[in-house]
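K.L.:
Sequence:
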Amino acid sequence: MTTPTQPVGAAAARSRSSCDRSRAVTRSLLGYGVLAGPFYVLVSLAQAMTRRGFDLAHHDWSLLANGSLGWIQIANLVLSGAMVVAAAVGMRRALAGTPGCRWVPRLVAGYGIGLVLAGAFVADPANGFPIGTPAGRAAEVSWHGMLHLAAGGLGFLCLIAACLVYARRLRRLGHRGWALYSALTGVLFLVSFAGITSGSSSAPVVLGFTAGVLLAWAWLAAVSVRLYRATPKPGA
1 MTTPTQPVGA AAARSRSSCD RSRAVTRSLL GYGVLAGPFY VLVSLAQAMT
51 RRGFDLAHHD WSLLANGSLG WIQIANLVLS GAMVVAAAVG MRRALAGTPG
101 CRWVPRLVAG YGIGLVLAGA FVADPANGFP IGTPAGRAAE VSWHGMLHLA
151 AGGLGFLCLI AACLVYARRL RRLGHRGWAL YSALTGVLFL VSFAGITSGS
201 SSAPVVLGFT AGVLLAWAWL AAVSVRLYRA TPKPGA
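Residues in the sequence shown are numbered consecutively from 1, following full-length UniProt numbering.
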């Protein structure tokens with residue numbers, strides 16, 4: 001008695017189709033790493049330039065989550081964080097089987113989760129924003145303000161670590177330019193983060209931190225594009 005067998009060509013076609021779907025999903029997920037930064041920055045800047053009393057030189061963007069329009073920044077943080085987590089999944093798929101394939105995506109996902117939690121737990125009003133808030137930092141930190149600081153801090157540290165781990169991976173592979181870029185991003189972001197944790201609302205500190213955030217988003221987009229291009233197109 002013979003067992004019916006399917007044509008080899010049909011099996012190969014199914015295999016190619018499955019591979020194409022996997023590649024398409026990976027590339028789509030990495031696309032969120034490119035979109036997340038511009039989305040977060042544009043939504044934040046639009047609020048910063050239209051909300052009364054907000055000063056880009058003295059107020060960090062987390063304060064936008066306060067007031068009657070605070071829901072916009074809350075949604076911005078949550079959606080941006082979700083996109084970062086999606087990008088991290090794409091990175092895990094794109095880096096599978098290579099050095100650093102586990103920790104870089106995990107750390108990037110940690111940053112995304114930190115953003116989501118920072119949106120869920122609103123920062124305390126401070127430094128005169130919203131209008132009517134006393135100058136300086138809040139005299140007492142609320143429970144949600146404390147959780148916001150913890151979530152944001154852990155998220156930032158995860159991204160800094162991701163930059164440094166990825167730099168080490170690239171250096172081992174001989175990509176020295178990319179390794180230097182990744183390491184510098186991590187170090188500069190760490191310096192800017194250390195400045196803002198001092199509690200100072202001076203223009204150099206706040207603007208320096210803003211610059212660090214922009215550098216971090218640019219790094220995420222650059223890495224996502226790099227891995228996107230390295231992932232073969234469906235059908236290739």
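One should not assume that every hint holds.
[Unchecked claim] Have a look at the derived ranges for each label pair, beta carbon to beta carbon:
| id | residue 1 | residue 2 | range |
| --- | --- | --- | --- |
| 1 | 175 | 144 | 38 to 44 Å |
| 2 | 135 | 174 | 40 to 46 Å |
| 3 | 204 | 78 | 51 to 57 Å |
| 4 | 140 | 176 | 29 to 35 Å |
| 5 | 46 | 103 | 21 to 27 Å |
| 6 | 229 | 71 | 17 to 23 Å |
| 7 | 57 | 225 | 29 to 35 Å |
| 8 | 230 | 139 | 15 to 21 Å |
| 9 | 226 | 75 | 39 to 45 Å |
| 10 | 53 | 120 | 20 to 26 Å |
| 11 | 141 | 176 | 42 to 48 Å |
FYI, nobody ran anything at the bench for these hints, they're computed from the structure.
Glycine included, each C-beta is placed from N, C-alpha and C at the ideal position.
K.L.:
Look at each hint and say if it fits the structure.
P.N.:
Against the structure, the hints come out as follows:
1. Look at residue 175 against residue 144: about 42 Å separates their beta carbons, and that is inside 38 to 44 Å.
2. Checked against the hint of 40 to 46 Å, the pair residue 135 and residue 174 fails, with Cβ atoms roughly 52 Å apart.
3. At roughly 30 Å, the beta-carbon separation of residue 204 and residue 78 lies outside the given 51 to 57 Å, and the hint is violated.
4. For the pair residue 140 and residue 176, the supplied restraint of 29 to 35 Å is violated, since their beta-carbon distance comes to about 49 Å.
5. Roughly 35 Å separates the CB atoms of residue 46 and residue 103, a value that falls outside the hinted 21 to 27 Å.
6. The given range of 17 to 23 Å is broken by residue 229 and residue 71, whose C-beta atoms sit roughly 37 Å from each other.
7. Taking the beta carbon of each, residue 57 and residue 225 are about 31 Å apart, inside 29 to 35 Å as hinted.
8. Range check, residue 230 to residue 139: about 51 Å between beta-carbon atoms, so the 15 to 21 Å window is missed.
9. The supplied range of 39 to 45 Å is broken by residue 226 and residue 75, whose beta-carbon atoms lie about 29 Å from each other.
10. Separated by about 24 Å at the C-beta atoms, residue 53 and residue 120 satisfy the suggested range of 20 to 26 Å.
11. Checked against the hint of 42 to 48 Å, the pair residue 141 and residue 176 passes, with Cβ atoms roughly 44 Å apart.
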